[in-house]
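Asker: Okay, here's what each chain looks like letter by letter:
Protein chains: 2
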Amino acid sequence: MTDSDLDRVIAAVRERIDPDEAERRALSDAASELESRVHDALADLSVDADVLQVGSTARGTWLSGDRDIDLFVRFPDDLSREELETYGLEVGHAVLPDGHEEYAEHPYVKGTYDGFDVDLVPCYDVPTAPDIRSAVDRTPFHNAYLVSHLDDELAADVRVFKRFLKGIGAYGSDLRTEGFSGYLAELLILEYGGFESLLRAAADWTPPVSFDPEDHGTRTFSDPLVVIDPTDPERNVAAVCSAENVARLQHYARDVLDDPRESLFFRADPDPLDSEGVREQLERRQTTPAAIVFDTPDLVEDQLYPQLRKSVSGVAAELDRRDFDVFRKAAFAKNRAVLFFELAVAERPTVERHTGPPVHVRQHAEGFFDAYADDDEAYGPFLDGDRFVVEREREFTSAEAFLTSEALFDVALGTHVEEILRAGEYEVLVGESVAQLAGEFGAEFGAYFDPRP
Amino acid sequence: MTDSDLDRVIAAVRERIDPDEAERRALSDAASELESRVHDALADLSVDADVLQVGSTARGTWLSGDRDIDLFVRFPDDLSREELETYGLEVGHAVLPDGHEEYAEHPYVKGTYDGFDVDLVPCYDVPTAPDIRSAVDRTPFHNAYLVSHLDDELAADVRVFKRFLKGIGAYGSDLRTEGFSGYLAELLILEYGGFESLLRAAADWTPPVSFDPEDHGTRTFSDPLVVIDPTDPERNVAAVCSAENVARLQHYARDVLDDPRESLFFRADPDPLDSEGVREQLERRQTTPAAIVFDTPDLVEDQLYPQLRKSVSGVAAELDRRDFDVFRKAAFAKNRAVLFFELAVAERPTVERHTGPPVHVRQHAEGFFDAYADDDEAYGPFLDGDRFVVEREREFTSAEAFLTSEALFDVALGTHVEEILRAGEYEVLVGESVAQLAGEFGAEFGAYFDPRP
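Chains as they are written, first to last, in UniProt numbering: chain C, 1 to 453; chain P, 1 to 453.
Simulated from the structure, these hints should not be mistaken for lab results. There may be inaccurate statements among the hints.
The list cannot tell twin chains apart, which means a pair is met if one copy fits it or any two copies do.
Said to hold, decoys possible - Each computed EDC-like pair below joins lysine to aspartate or glutamate, with the alpha-carbon atoms no more than 16 Å apart: (1) Lys329 - Asp384; (2) Lys334 - Asp295; (3) Lys334 - Asp298; (4) Lys334 - Asp302.
Construct the complete structure from the given sequences, taking the supplied hints into account.
Answerer: Laid out in structure tokens, this is it:
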């Protein structure tokens, strides 16, 4: 393969993702009109504030079809939090009369204008990024840094890279994806001077990989990928990015360099499975599926997915500890949430082996021996090498017995998940009956049984 | 419990094991007559040799009812091996006209006289034990050392200790038992000055435990118990004694001190099980038994048992490696031999997980990915953290499939066992059908399902 193959693929991708002149103008007109409305609204307030368009649409790195306009209203940092919120919402409602309030670190107004989704976010005007009073205060610094460093060509490569990350499923710093944020993607393009050089470098990374564009970092991080925020020496922009997503980028960088193809940038999800399809897979694999199913708690995704993952890991660790070998595990969430376990071993003998101390550790050994010597249910104590061993009755001889017992609640679970389970508001499915979940989770099962890097 | 309880138990044991005057006299008379026959036979030979009674009956440490008389005929060490054997057998047949030849390191004559079992063994008269030309040459040195160090009281304690070792199943330096030899028992009594002091000390041992009665050891040993031979600075008398038998002595030393009772010295074997009893045990345990059964190869026990143990360990390790969890294992031998495995997991899914290299180890990662990328039978490669994983078809989904396959022969087996298996002269039983083995191995199954320290 020659570079020109990759160039041709990139050109074809750009055909599809570069906003055209009309789109750019429409966006620019809308942003100008919104900014001028903000100025009008601010004029009615006795406070010195300005407005700033931020985000990908402010710096030419959005993908065609994205309809997000982010406007930040910067207030003096001697304002109280309460004043900031009051002013912010007042301006928001004035600019977007049909908008509604949402809540991130503080409330803001979200609405639509001329077909665009508009966020109108109040923030503090602080002298430097490390001075921020809330997370959103950092955004104007990011925006200023990128606007001053990205030219049109680099912005185009950012778009291609973002499309690539979307294609391979690694785009987004939300806690469900744990991938690459837009800002991180932009900094990496800046770091390597373009998409192809980034691919060639990433293909050979040996994590941990560290960058410090402004050479001002003051902390060390244990993350697989470290990019010191050029506007904040104490922050790793890639803190959320998991080792798996770093590996994902490395793998697909090699893949697309080796075999450039447009389809990688626009990859379709695996076909969903219906219940018959799920049954066929299970029949083929001869594993035992088990699912804990409950109504999804009312949480934002950034809270929900960490809780689901913690719960899945906690239950899986306990299943493993009880010798029910977890072959693979997953968490799904729509209206209902599913903690899913595929077991290689779902049943165990009634006896379990319990190894005691070496006989020569007298006090412990005597204690162990005495504890079991008169236990008619146990075999032993007998010797295996220099240690005592007993074969005693196992608490749960099937994974189902454990999952439907109260012992389930002793596991480390996500807070809200634990509440739901303790309240008994869940169902345990074991074996073929999990196939009925395909109605709601067909796409998830499709991806589960067709796993890709 | 007071010491006097232990004293009373010891006195009661001695009632049963101390040879009475009549037995001593009968033995002494028989030994004298045999020695004089040896002298007569030697007189007809043109060689300067002497005769020596050795073994427990020579030093008053035998247990009542033992009927063994060991006579060693010491020949000059300038004799060739061939001459030694010729002279030895000539004397042997002259002394024991109805005797037959047996073979240890060289041939010797075994026969009976006046109700005693007599071994008439030729050996070399070497200056010191380290000069020995064959293992039996060492015996006269051991005998001389013990005769000069054991008085009647110590000899009595040796008898009690030997009876104790028999009771707990730790007596014998054969490779089936891997326990305490008579000579080792005698040296330990000498070391501690008596049975009770030995018990009190052993109860607190922290292996490795080392003794060097003559303070002349020249080597280090990695055995759990080291007793440097007082007649040979390079030899550990306890080399054969397993960690398990050291632990066994420690446990029962504590036990008999804590609760002195005669029954420990004369313990009966567990009740044998019939096939119904074996089935009941398996039903209770819910394990899956598997047995490889073949005609016992024609080997002495010291060759047979190490081979059986090696074979059992080899097969068990491979079963474990293939994820069939071996719960317990054993080897039985009578006319037939049995490699016995009790499995906690006897079946596995059709898929097995295969973890590849971290993605960043580029060459290996690419090799792994390419090897499975087009494999329609495999799931993946996908990512788990920074590594590739595939789920591929498992070679054997049941322990039975493995045990009845040729893959069995790839396991490290005892030489003769491997020959038999390769010749196909074996049977594999899995599940309830193993119960039929109770006809031949009822005692072994009885002990297996009633395991004691």
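Asker: Evaluate Lys334 and Asp298 at a C-alpha cut-off of 16 Å and name the case that applies: within, between, both or neither.
Answerer: within (11 Å within a copy, 69 Å between copies)
Asker: With identical chains, the pair Lys329 and Asp384 could be close in the same copy or across copies; at 16 Å between alpha carbons, which is it: within, between, both, or neither?
Answerer: Answer is between: at 11 Å across copies they meet the 16 Å cutoff, but 35 Å inside does not.
Asker: Is it within, between, both, or neither for Lys334 and Asp302, if the alpha carbons may be no more than 16 Å apart?
Answerer: within (14 Å within a copy, 67 Å between copies)
Asker: 16 Å Cα cut-off: does Lys334 pair with Asp295 within a copy, between copies, both or neither?
Answerer: within (9 Å within a copy, 63 Å between copies)
The structure meets every hint from the earlier list without exception.
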